[in-house]
Amino acid sequence: MKVLAALADRVRLSLERSRNALGGGLSAILRLARPLDESLFEELEELLVSADLGSLTAREFVERLREDVRRGRLTAPEDVRSELKRFLEEVLATAVSPLALDQRPAVILMLGVNGSGKTTTCGKLAAALKGAGKSVALAAADTFRAAAIDQLLAWGERVGVEVIHQAPGSDPSAVVFDAVKAVTARGVDVLIVDTAGRLHTKSNLLEELAKVKRVVGRQLPGAPHESLMVLDATTGQNGLAQARTFHEGVGLTGLVLTKLDGTAKGGIVVPIHRELGLPIKLVGTGEREDDLQPFDPKVFVSALLPE
Amino acid sequence: MLRKYRSCLDLTEENIQEALREVRVALLEADVNFKVVKGFVERVREKAVGQDVLRSLTPGQQVVKIVHDELAELLGGSGHRLQMAPHPPTVIMLIGLQGSGKTTSAAKLGRHFQRQGQHPLLVAADVQRPAAVEQLQTLGAQLQIPVVGTATQKPVEICREALDTAANRGLSPVILDTAGRLHIDEPMLEELRALKNEVRPHHVLLVVDAMTGQDAVTMAERFNAAVGIDAVVMTKLDGDARGGAALSVRQITGRPIAFVGVGEKVDALEPFHPERMASRILGMGDVVSLVEKAQAQVDEAKAEALAKKIREESFSLQDFAEQLRQLRSMGPIGEILEMIPFFKGAKGLPTELRGQETELNRYEAIIGSMTPAERVDPQIINGSRRNRIARGSGTTVQDVNRLLKQFAQVKKMMRGLRQLEGRAGKLSGFPFKIRQLGR
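Protein chains in written order, with this note's numbering: chain G, 6 to 312; chain U, 77 to 515.
Please keep in mind that the hints were generated in silico from the structure rather than gathered at the bench.
Since the model is a prediction, treat every value here as computed from it, not as a measurement.
One or more of the hints may lead you astray.
Dumping the calculated DSBU-like pairs for lysine-lysine here, alpha-carbon to alpha-carbon at most 30 Å [what the hints assert, rightly or not]: (1) 90(G) x 303(G); (2) 272(U) x 230(U); (3) 114(U) x 141(U); (4) 272(U) x 207(G); (5) 303(G) x 186(G); (6) 341(U) x 216(G); (7) 90(G) x 114(U); (8) 139(G) x 303(G); (9) 384(U) x 272(U).
Pulled out of the complex, with its shape left as it was, chain U reads as follows (with noise of 0.2 Å):
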């Protein structure tokens, strides 16, 4: 949408009414609440009129761009960090309707801190829902976090029991699951209140699926005044919603949001990037979040020593080889191309782009049949190296010679890059040929 705001030529008062009439219906369609697009319309009519338009940019452009700021700046300008106690154990409750992911959500907590060298505790304390309990524990087990609770206890008395296996353990933070309810089921609530008053949580986190619609406000509203509410946690953003709930319930509670879902694997939790909310709101694909998806597979370390590599120019077939391994470890190519404006929706995958998969693989068993020294002189790859390499990768000559090839071109595309870098900045990791894709 607003692509046609692009050309206009002046920012009279009929085109921003347009425009933000359409911003209107956009907002609305991403299910951002009607009274938050109220006000959020109004604020940026408001900055919008008297406004210069800047030399560089279109009148459209101004606009979207007030737009996206605004967006971003409400999501919560920079993003949220969980501090941790200073007296561990740090614990963390999740809450949240029913199906919302809290389970899902506590299991990728652990895992994510579990990643930075800490030692969690999962708590199993939603004894309401069949085999809960169960569905904690087997994801514990997947990642050799230690679960504890049990189906026939108190919710308080488990998370009582779990605060003194923490601290015997020197586990911390402790994760706390628990029951999904309705926000308007006082029972439910007074069993809330009564679990944080005996815990005592560093952070409440309300656990918000993606795709909630106009009612995330009341639901989060009532959250908040009930129980009160931290930071929140938003699931399913690996689905086509696009997520207004997370401006609503922002909006609403004044509270940030920590962290987002993006997928059914226990890794697949990140944290929260107002910038590339905004623009999935607004519509316009995820192509940061996907290019700085790709920057985090690379470590920091390899990524600075790549750099260094290409500075020096001594980027070799080994390094390339390890490039193709990141790129793979994203996920699946079409997994990849959907996060892609252009490619969404479209139906399953051209076969040349199933062609680069088995591409990829072939270029990883040529580079790994060469020897140590092939691999970083290249020029040295004769006749009978390349009829050995082929046989050895159960390729032919031809696709040795193709690779070899590709490789010049990539080392001369550094070398533009280098220079490139004077101006602008650091480089960035590998995916150049995707951000071309996504512009």
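Looking at chain G on its own, in the form it has when it is part of the complex (with noise of 0.2 Å):
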């Protein structure tokens, strides 16, 4: 036991190590004059896997710095830095997209795994919508989780905006139904569904989901307008594993990045909008009303890659 704790003891220090010398992030490693070699793009594989981009998508980025090293066209360290940078902003600058809300009503369909922060996610964009002059309605068509209504009427109290709601447990598809039916006859310019959390790998809950917006489509056509997955921005590789299945399942209009006002700076979004061309619509950075914004590829990418 002794032997194991002083080992766990050296690696504990040994990462410590690590840790402190990339402490200071993208400019650490390029302090000074250090020469362009296999390091540099080591440390910036690196640097790249722990703002979860994945190892993959870490090693073309790398690749494609080395290539230009190769052909001179990077000479200086530093501007390895400023070329990882540009190209990152090249590869989001797709993902910026309003939110449609032309349609009167504008449906926006939340969903997500479990703890992603849908039911939040809902409040705060009502609360932004209606701040922009909209009339907003939510509908809680989490009927499964326990308190989940209770959860989503206490921000409709909060941000002052009606919530469309039945009995906990009742189907999910018959109060989007009335939903629907209750904000088109009211003339509501927005109505935001909040559904239950469900890990993509159960078939079922999906296609439950998808008969929900079937519903809603036949219901009112084009709509919804929007289905937003929204991904925690702690949630490393398995994020492009939600995204594929829930595209796939249900069909998707874009992502909600929520959480990126704690320490992780949800890479997972690159590979994703990469693989499957999904836009970024709003990025969540806290639990108060107004933290809420739209996606902005340079802060996101300034994030990843600190100075």
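Quick one: dock chain against chain with the hints and give me the complex.
Below is the structure:
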């Protein structure tokens, strides 16, 4: 046991050291006149991996830089940094897209795995749209999780928006059907639908979601106008599997990246965007009403690759 | 992965290199923190080089084995159990990020201890998230476990009252659900520290989402430094996340993983098995986990009685029906098959498997229509009895015949097993077929 503990301590120490070395992020890696060598590329790769871009994407990006160096397009270590930044911004430029709110009512479906922040995002989005002068209603289609309806009701009260709901355990499709009917009759601008969290591996729950979507589409052609997958920024490589499955099973129009106020960078959206072409419509940065912003690639990339 | 290393002839420096590169990618794709991966790969390299290849293994298997064993060892050797305090109530406090699954885990822990014959108390001290208190109350009501706490009180007050309640009513353990918070939110961390000082929990459990990426390290480290944690609960392992965060958290905090959450139902909480987690992170499927899940469903005593019956060759149709019932209590067949790598990701289920589900229903009905004497000794089931049984169970005589034939085969198989037992040790439950599927 003693040997094991000593070993664990040693590993911990070495981790600490490498963390300190990496502590300053890019600038530490590119400190002073260091040569453009293998260790630089390795550290850049690790920096991308540590932001959850995934080892394959990270390797690919670094390979690109290496190629640039080989061809003499990059000669100074500082340029490597700006090139990587520029490249990432370029990749994410196509990920900017406004919410589709032209129709009345515009229906926004919020979906994602358990605990990603769907209900909170619904509340914050309702507040933002209301602040922009839209009339908004929320639909409580998470009839499964204990007290999910209460949570949405609390949000509705906080931001002054009506919450259309039924009893816990009722059919989500029925809730949404009634909600669409109600907002259409009343001329409400936007209906935001909060759905039950579900792991993307539960095919029956995915089917339920697809049904909700079909019901809305039949009732109101063109709806839902947005089907947004809410993704926790702390999520690792599984985020890609989530997006793939939800996109395939339900059809997505974009992502909402939540919890960016922590230390996680949410880099997994990069491979998701590259593979599926989904835009990142919104980012969540806290629990307050106004902690919701449109996605800005420049801000995102600077956070991903700190100075 | 790693399959291609199973047929190498010799363990050369070169193919270790290649294997280790693959291991590195696999671990990174499983979300193990890259610094942890670095140290890990280095250690495996040290262990592998200079090691003799065992006669019974291929060099590739040897590498896989070293990787797997090393992973399992790092993950915590044998499982970790929460000790109950000598003077009850034992106090367990749950902390973690928003959305990691604290409230659900609190209820599941309550259920876990309730099943052990204890009388837990759930404490709703998350007054931050709207309706978090209601959520725990709803879950508590489902489980008939008392819940204290209201959204208008301060967490410290709630916990103080909870300890009084537990002492007065003789309830233990006391399980505290706290508000989710970021590990960099100083005021909220201060609140946790104050709470901890007030209630002096015996166990502080950090709840970690299995889907967490590289940041698991920072999160665990900060929570551990700011509040101090004793063990970890990994949640949402019923998804397809490889769960590399388990290794990161374990490595960075040195704390064991006590439980894993494996579903939305309140009893979907299991003790942590380092071996299984190691397989999962490496991407070798969860076959071991499946087999053990099947075994856990079989009550120990029943299993012993069954083994005895098999030894004495007195296994009856009654026992067979019981076995079918247990097999089904593991969940829908589809879900069970999902755990086997081969079926994982396969879209929907082949129709013949759906057929098996109805076949099981039919078998249960047929056995239900037999007399006790017939169940013990199927030999006495003649033509007219078959007719009666078929009518009684709403099936046909052909169905009854098929069941009797299959039962005879099972008995024959058991006789074979009895001979095996001498060599392989104790009989281990029902799922022979599943085991075969997994290999």
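How the hints compare with the structure:
For the suggested pair residue 90(G) and residue 303(G), the alpha carbons sit about 9 Å apart, so the restraint of at most 30 Å is met. Restraint check for residue 272(U) and residue 230(U): the C-alpha separation of about 14 Å stays at or below 30 Å, so the hint holds. For the given pair, residue 114(U) sits about 18 Å from residue 141(U) by alpha-carbon distance, which is consistent with the 30 Å threshold. Of the supplied pair hints, the one linking residue 272(U) and residue 207(G) is violated, its CA atoms being roughly 37 Å apart against a limit of 30 Å.
Distance check on the hinted pair: residue 303(G) and residue 186(G) sit about 41 Å apart at the alpha-carbon level, beyond 30 Å; violated. The straight-line distance between the Cα atoms of residue 341(U) and residue 216(G) is roughly 23 Å, inside the 30 Å bound, and the hint therefore holds. A threshold of 30 Å between alpha carbons decides the hint, and for residue 90(G) with residue 114(U) the separation of about 25 Å falls inside it, so the pair holds. Taking the CA atoms of residue 139(G) and residue 303(G), the gap is about 28 Å. The hint holds against a cut of 30 Å.
With a CA separation close to 51 Å, the supplied pair residue 384(U) and residue 272(U) exceeds the 30 Å bound.
Of the numbered hints given earlier, the model fails hints 4, 5 and 9; all others are met.
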